[in-house]
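> Chains as they are written, first to last, in the numbering used here: chain A, 1 to 379; chain B, 1001 to 1103.
Treat the hints loosely; a few may be bogus.
List of simulated lysine to any residue pairs, SDA-like, C-alpha gap at most 25 Å [to be verified]: (1) K1049(B) to P244(A); (2) K316(A) to F1044(B); (3) K54(A) to G1097(B); (4) K57(A) to F1044(B); (5) K1049(B) to W242(A); (6) K54(A) to D1003(B).
Just so you know, the hints here were simulated from the structure itself, not pulled from any lab data. Bear in mind that the values here come from a model prediction, so they are computed numbers and not experimental data.
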Amino acid sequence: MRSERGGLAAHQFLEVTMAGTMKRDYSLVGESTRRAIEMGLASAEWYHTDVPRKAIKELMQRSDGPAIRDTMIWIAAILGSAAGGIYFWGTWWCVPFFFVYGVLYGSSSDSRWHECGHGTAFRTRWMNDVVYQIASFMLMRNPVTWRWSHARHHTDTIIVGRDAEIAVMRPPDLLRAALAFTGILDFRYSLPALVCQAFGKLTPHEKSYVPEMEQHKAVIAARWHVAIYIATIALALTMRSWVPLVLIGVPRLYGTWHMVLTGLLQHIGLADNVVDHRLNTRTVYMNPISRFIYWNMNYHVEHHMFPMVPYHALPKLHELIKHDLPEPNPSIWHAYREVWPVLLRQLKYEDYFLKRELPPTARPYRGEFHEVNMSAAAE
Amino acid sequence: MADWVEACAVDDVDEEDVIRFDHGGRSFAIYRSPDDEFFATDGFCTHEKAHLADGLVMDDIIECPKHNGRFNYKTGQAKGAPVCVNLQTYPVKVEAGKVMVQI
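Please construct the entire structure, taking both the sequences and the accompanying hints into account.
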């Protein structure tokens, strides 16, 4: 195994390998799935930083207060920006209002979907469920299939052939990644998926992670979503106005960019087929506005290691375990500068990835899995 | 006939918390409820292999640390996705400061 260290900060180095150059098969019912299960990568035992039970129990505690406060701000901002957009409709003054509305609808809904899907945002269960359903609709996501796909994502994070939520596969499709910022892919894939589900058809992939006893719920949820979209289109036609569509559905086009900007950084350019989140997940320090929109999911290594910790406690968890984690990227910009050359290299060598160096205070990476397929290196 | 087995001392479990208890090649979770009662269930979540002793006890609910699946630890009832299969529960009694489980 050879590694190279040119052009990167001292705490980082790139590692490249030619071994295992078999093309990755991202199907969830294909050859990579079989190999992942055979190698023990499916439902594996993952590395966790040691945290005393008392400390983690304190961090896991649920409270309705922070999420009620943030949700009230969120709803007020959504209604306020929508009202401003409607009031100034037909003038350029509506643009800043819809800019804000779009991000709240098309981006911040993702973090609400995520936290409420985990059931950690609120202590009260029904509050999580209500926000989860609303956010799922805003995201054009089936609330049932996506709940199960996210459970799989946590079981088998970036395990090829198992994880249903790998955003950028290898070799990276840069055009597709760029299009994701526009939300076009949601219209191209998510809407037709919802329509298929509404007709009772789930794909083999979806059936691979949604238990049979839950599949009918996915069909019912899809029918509700499709019915609301049909009603919105009918309203727009009746009113002879674009406003209903600009408020419902279309924000996924013009407001999804922040979700992609922050979400892509979670795992992109890092290792796959490992069982240590320090190797395949990234923590990035972000500005307060992005952190509000993203509900602190920039502390993503921490979230994956301890998914029971609510979003508002993640900064404290970060302080508690950062001695055992790679140094976070100091900004979104820094993270993308780090990722870009990795993606370019992966176009040629898809096994190439960024391996982040641990601080001296950390427990080292385990050998098992983490050095598999590393027997040779590229130029 | 199932045997009564000493799982732990009463003081080993904090109020509204859970600990792990292994016996005879099996693993269990011992709970102390907010109203100071003790309960026992199988140790591992019925969804995937995560030990419930690493989870969070809230009132009569145990939440799995891996996917936040929830069970009522008093009855074993699964409370919704991603857990669909109920948890096995076991009778518990307290004798002379010890928590006894019928296994």
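> So, for every hint listed, does it hold in this structure?
Consistency of the hints with the structure:
1. K1049(B) to P244(A): Violated, at about 46 Å.
2. K316(A) to F1044(B): Judged against 25 Å, a Cα distance of about 28 Å means the pair is violated.
3. K54(A) to G1097(B): Since the Cα atoms of K54(A) and G1097(B) sit roughly 23 Å apart, the hinted pair holds (cutoff 25 Å).
4. K57(A) to F1044(B): The hint holds at about 18 Å.
5. K1049(B) to W242(A): violated, 50 Å
6. K54(A) to D1003(B): violated, 32 Å
Hints 1, 2, 5, 6 from the list above are not met by this structure, while the remaining hints are.
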